[in-house]
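> Produce the complete structure using the sequences and hints provided.
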Amino acid sequence: MQVESRKYYNGLNIKKDTILYRHYQNNIVNSCKNKNSLVVLPTGLGKTIIGILLIAHSLKKYPKSKIIVLAPTRPLVSQHKTSCEKFLDVDPEQIISFTGKISPEKRIYLFKTSKVIISTPQVIQNDLLRGRYDLRQTSMIIFDEAHKTKGNYAYNFISKEYINTCNDPLVLGLTASPGRDIEHIQEICDNLHAENIVFRSYEDDDVKQYIHDIDIFINLVSLPVKLVELSQVWQDLFKKFLRFFIDRKLINPYKKYYSKLDFLRITQDLTQSFRFEEGDISEEDYLQNLFQLDPKIIDIIKENDYNVHSVYSYCSSCVSLLHAKDLIETQDISLFLSFLERLKYKADQDTLSAKRIVNSKHFKFIYSKIERENLSLLAHPKIKKIISIVREEIEEFNNKKIIIFTQFREMAEFLKKKLTYEFQNQLVVEKFIGQTSKIDDFGYSQKMQTEILQKFREDKINIIIATSVAEEGIDIPNVDAIIFYEPVPSEIRLIQRRGRTGRYASGRCYILLTEETVDIPFYHVSRRRENSMQSIVSNYEQIQLHQNLERKSICFPILSLNNVNDLGLVKNFKERREKEKELLVNRSIEEILNHLDDFSKSVEFKNINNYGVTFYSDLVKMDMTTMKNSILKLKGKKKMNPNQKKRKRNINKNVKCLINIVKTYGNKGKLDYLEFQDLAKEEELIDKKFYIHFNQACFLGYLKRQEKSVQLLMDFE
Numbered sequence: 001m002q003v004e005s006r007k008y009y010n011g012l013n014i015k016k017d018t019i020l021y022r023h024y025q026n027n028i029v030n031s032c033k034n035k036n037s038l039v040v041l042p043t044g045l046g047k048t049i050i051g052i053l054l055i056a057h058s059l060k061k062y063p064k065s066k067i068i069v070l071a072p073t074r075p076l077v078s079q080h081k082t083s084c085e086k087f088l089d090v091d092p093e094q095i096i097s098f099t100g101k102i103s104p105e106k107r108i109y110l111f112k113t114s115k116v117i118i119s120t121p122q123v124i125q126n127d128l129l130r131g132r133y134d135l136r137q138t139s140m141i142i143f144d145e146a147h148k149t150k151g152n153y154a155y156n157f158i159s160k161e162y163i164n165t166c167n168d169p170l171v172l173g174l175t176a177s178p179g180r181d182i183e184h185i186q187e188i189c190d191n192l193h194a195e196n197i198v199f200r201s202y203e204d205d206d207v208k209q210y211i212h213d214i215d216i217f218i219n220l221v222s223l224p225v226k227l228v229e230l231s232q233v234w235q236d237l238f239k240k241f242l243r244f245f246i247d248r249k250l251i252n253p254y255k256k257y258y259s260k261l262d263f264l265r266i267t268q269d270l271t272q273s274f275r276f277e278e279g280d281i282s283e284e285d286y287l288q289n290l291f292q293l294d295p296k297i298i299d300i301i302k303e304n305d306y307n308v309h310s311v312y313s314y315c316s317s318c319v320s321l322l323h324a325k326d327l328i329e330t331q332d333i334s335l336f337l338s339f340l341e342r343l344k345y346k347a348d349q350d351t352l353s354a355k356r357i358v359n360s361k362h363f364k365f366i367y368s369k370i371e372r373e374n375l376s377l378l379a380h381p382k383i384k385k386i387i388s389i390v391r392e393e394i395e396e397f398n399n400k401k402i403i404i405f406t407q408f409r410e411m412a413e414f415l416k417k418k419l420t421y422e423f424q425n426q427l428v429v430e431k432f433i434g435q436t437s438k439i440d441d442f443g444y445s446q447k448m449q450t451e452i453l454q455k456f457r458e459d460k461i462n463i464i465i466a467t468s469v470a471e472e473g474i475d476i477p478n479v480d481a482i483i484f485y486e487p488v489p490s491e492i493r494l495i496q497r498r499g500r501t502g503r504y505a506s507g508r509c510y511i512l513l514t515e516e517t518v519d520i521p522f523y524h525v526s527r528r529r530e531n532s533m534q535s536i537v538s539n540y541e542q543i544q545l546h547q548n549l550e551r552k553s554i555c556f557p558i559l560s561l562n563n564v565n566d567l568g569l570v571k572n573f574k575e576r577r578e579k580e581k582e583l584l585v586n587r588s589i590e591e592i593l594n595h596l597d598d599f600s601k602s603v604e605f606k607n608i609n610n611y612g613v614t615f616y617s618d619l620v621k622m623d624m625t626t627m628k629n630s631i632l633k634l635k636g637k638k639k640m641n642p643n644q645k646k647r648k649r650n651i652n653k654n655v656k657c658l659i660n661i662v663k664t665y666g667n668k669g670k671l672d673y674l675e676f677q678d679l680a681k682e683e684e685l686i687d688k689k690f691y692i693h694f695n696q697a698c699f700l701g702y703l704k705r706q707e708k709s710v711q712l713l714m715d716f717e
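Each residue of the sequence shown is one higher than the last, beginning at 1 in this note's numbering.
Incorrect hints may have been included.
Think about it this way: if two alpha-carbon atoms lie no more than 30 Å apart in a straight line, the pair counts; the simulated BS3-like pairs of lysine-lysine are [said to hold, decoys possible]:
| no. | residue 1 | residue 2 |
| --- | --- | --- |
| 1 | K361 | K226 |
| 2 | K369 | K688 |
| 3 | K369 | K344 |
| 4 | K208 | K249 |
| 5 | K208 | K15 |
| 6 | K86 | K33 |
| 7 | K33 | K226 |
Hints in this document: simulated from the structure, not taken from any laboratory. Quantities reported herein were computed from a predicted structural model and do not represent experimental measurements.
Below, the structure is given as C-alpha cells:
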C-alpha cells in the first residue's frame, strides 16, 4: 500500500482522502500482507479499516480475484457492506452481500460476477458443501469476530476449505477478545491456520497518540433491609431444593456458591448420555461434552434407580430460583415480581417445576408481602444511582450522550420509562434490542436498529439502553460515558462494551455493583480473565503458529466467467440441482476416508500395529453403519436404527384448540389474525395463556404467524 501523505491513506482501490492515516494500522497491515493473521485490537482502534486496507492490497495483487468478508450476524454484514462501499474504490455493483433469503441460483451468479462478497458464514458453508462455487480464486477471506472460530462453527469449515483449495490463501481474523486462556487462543489460531498474531493495547507506543483515557468508576450499592429479608427467604427455599441433589450425590455439597450453570450442566450431561445411548453421537464426542466424568451423572441415577424426570424437573426449579434471586438482588423488584407472575402462570398450566415453587410457604409469604408493600419503597438502589450518574454527566460534563448496558430486555424497558420520566424535558431515551422469535415480543428489526443508531448519531436520541446486541461489532456511535447496570463475567463482553467510549475524547465507564451478591464475583472474574487474556496474547511466543505454508500464484481462466449471462447460469444450475445431495454424500465419504487415512499414519496406530492389531476401523468407530448414518444425516434423513420406536408427541390441549380453530374457521388453512384471537378468547385463551400456546404451536410446526394472518401447516392428527 503506497501512502501518499501522512494524513490519509491514498492508493489503488482506496477512495481518495476517506481514511485517516494511523501509524499502528499501517504497521499491522504491513505485517499481515502475506501471512494468515489473527489481529487482536480493543474496540475502537479500527479493525474494520485494517480489513479495508488489506482488501485493497489483495485486489491490487490479484485484480481478477474475489474477497470474502464473513460476519456472524446480518446487521454486521450490512455494516461491512456499507464500509466497503464507503472506502473502497470498487464498482458498488461488485460489492454484494449474501443472505439465506437470496436464492441459490442468484447467489451463484452474484459470486461469479462480484469482487467483494460479504456474508454470514452459514450461507457460504452451505454453498460450498453443495458445490455451487469454490474458493480457488479468492485472494483473501476476513473472519470478523474471529473468537467464534471454535467448535463446529461455520468459520472452521470455511477456513479449512479455503486453505485446501486456494493456491495463495490469505486469512485475516479480527477480534477484540480472542479468549481467556492459552487453549482458547491456540484453538482459534489453529482453526484459522494463523502464521502471524498481532496484538495492540491502548498502552502501545504507536497507539497512545490516537486514543484517550477511560476512567473506570466502581459504584457499590447496598441492598435495603426489606430486599435482604426477601432475598434470604428465597435463598432458604433454594436450599430446600438443593437438598434433593445433595442427598442423591448429584452435586458437590461443599461449594461456596451455586450458579444456574451447575444445574444446566446436570441436564446437559443427562441429555448427552441419552443421545449416546441412542447412537446419535460417538463415544469420543460424548466423553468430550460431559462436565462430570467420575462418576457420570447417568451412572449415579441408574445405580440408585432415581427418577430421571424428577432430576430434570428439580434442575428446572433450581434454575428458576437462582434466576429470581439474581433479579431481586441485582435488577429490580419489578422484574422479580414479573417473574413470580410467570411462575404462577406456569403452575396453572401444570408445570411441575413451577408448581413446587409456587405451592411452597416461602413463595406465598414473599408474594403476599410484596402485594402489601408500596413497590417504590422496594426499588433497587441501582435505579437511584443511575439517575444520579446521568444527572452528573449533564451538569458536570455537559454530556447528553450515554449508553447504558443491561442484561435483560425487561430491564431496558423499565430503565427507559424511569429515565424518560426523570428527564422528560431534557433527554430522549430509547432502548436498543435485537430481534426475537417470540410471538408477544418481536424485538427490534434490523431496520429499526439502524434508524435508532442514526437518530443517536444526529443527537435526536440522547441515551441508548442496550442489551447484548450492542456489544459485538455493530457500529454504535462513540460516546463519552457508558454505564454497566450490572457486570458481566465474560472478558469478551467486558472489552466489547467498554470499547464504546474514549475514542475521540476522555471517556468514563461506570460499573454498578450490589454488595454481597453475584455482581461481585462476576466483576472480578471478568477482570481476571481479561488480564489473563492480554498477558497471553502479548506474550504470544507461547502460541504455536503455522510455519512454511506452501503458496503458489492463483491462476485465473482466460475466459472470464463475468461474461456468463444471468439466465444461462441459473438455467445450468437448475438442471444439476438434484445432484447436490450426491455431492454432499461424496464429501461425507471423502471426510470419513481422510479420517481413516489420518489415523493410519498416527503414532497411536503404529503402536497398536506393533502388537499385531490390524483392524483399526473398530478403534476409530468407522464401521459401515456409521458411514451410512453420516451420509443419511447429510441427506436430511433419519439414521438407521431398527430398534428405535417412533416417539409419540404429546400436545397440550390448548395447543390443539388453537390448531382446531384455524382448521375449522380458516379459508384453505388461512385465518385472519384478529379473528383468530377473538375465537381463542371464546375458548378462554387470552393474554399470556394465548401467546405461550400459540408460540408452542408455531414452534412445533403446526401453525405459522404471518403479517396479518395465521397459516395451518399441518394437523396434529
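> Looking back at the numbered hints, which does the structure fail to meet, lowest number first?
4, 7
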